[in-house]
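Based on the hints, put chain B in the right spot on chain A.
Each chain, written out:
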Amino acid sequence: MNSDLDVLGEQASRYILNFAVWDLARGGLLLFLAFYIVFALLVIRQINLLNSVVGTHLSPFFRMMARLHVLLAVGVFVCALLIL
Amino acid sequence: MRFETQTPDEEVALLLRRHWFTNLPWITLTLVMVFIPLLVSHLMAAGQFEALEMMPARFRLVGGLIWYVLTLGLAFESFVMWYFNVVLITNRRIVDIDFWGLLYKSVAETPLSKIQDITHKVGGFWRTVFNFGTIYVQTAAEVPRIEFNDVPKPNLVHQKIADLIESRRR
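Chains A and B are the protein sequences, given in the same order. Just so you know, we're using the numbering used here here: the first sequence kicks off at 4 and counts up by one. Just so you know, we're using the numbering used here here: the second sequence kicks off at -17 and counts up by one.
Okay, chain A solo, but in the shape it has when bound (with noise of 0.2 Å):
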């Protein structure tokens, strides 16, 4: 009887051992890419005082990759919120 007990406690404390380490890695990836998506849309604020120093006709193309690294970042966020 106090082994079944046993058994049914470890199992236990290894069910929420697992669930808390997974949450907490959880939440901390997504509270990184949350930092991660504001340092990208500081760079389209680096890129746009960059161009307006110096201008030359890459650009546009430094302004449309700024833009498209926001949007992965926020892509990635979205699929860890969805898939983890």
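No false leads were mixed into what you were given.
A short list of chain B residues far from chain A (calculated; beta carbon distances all over 10 Å): (1) E(-7); (2) N5; (3) L11; (4) S23; (5) M26; (6) A33; (7) R152.
DEER-style ranges, computed between Cβ atoms: (8) A:L61 x B:L56: 16 to 26 Å; (9) B:P(-10) x A:V41: 33 to 43 Å; (10) A:L61 x B:D(-9): 20 to 30 Å; (11) A:F35 x B:A27: 19 to 29 Å; (12) A:L84 x B:G29: 23 to 33 Å; (13) B:M(-17) x A:D26: 43 to 53 Å; (14) A:H60 x B:P(-10): 16 to 26 Å; (15) B:L20 x A:L8: 41 to 51 Å; (16) A:F35 x B:I18: 15 to 25 Å; (17) A:F35 x B:D(-9): 47 to 57 Å; (18) B:L56 x A:V10: 46 to 56 Å.
If you are wondering where the hints come from, they were derived from the structure by calculation, not from laboratory data. None of these values were measured; they are calculated from a predicted model. C-beta atoms are modelled at their ideal positions from N, C-alpha and C, and glycine is treated no differently.
Below, chain B alone, put in the same frame as chain A:
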């Protein structure tokens, strides 16, 4: 091309960036980062990465996506920093534009008429092989010395600046 403080009668004679060779560290890092997930998946298929097998597949998928977005961000940021850190030599002045990090910039400039001395230095194995080095411009202006690091063909740049100063004096 145009730059922020360019006057209507000012022409850019030379635009200098660091030699392409100085990009090698971040290009190598980017390539390594591209291949790491492929290597890891091969190792996992061969059963040599047990620690990662314990991770749920959905975390591995999201981890891979994050990894590639970071790789793209690193490569893009490094390229942009190389591309926009420039020295412009115009028919009137030298403008040194430096950017650090995300939102810091510094612009130093000196009129050609205030330049007192130009020297260049090429030292070390790679610099000698690929012919790039540092140019020092001593001035009588507010900024006493301007340095252009790792510029390609420093001897030609030196000559070009000297020619511009000479033609300005005439």
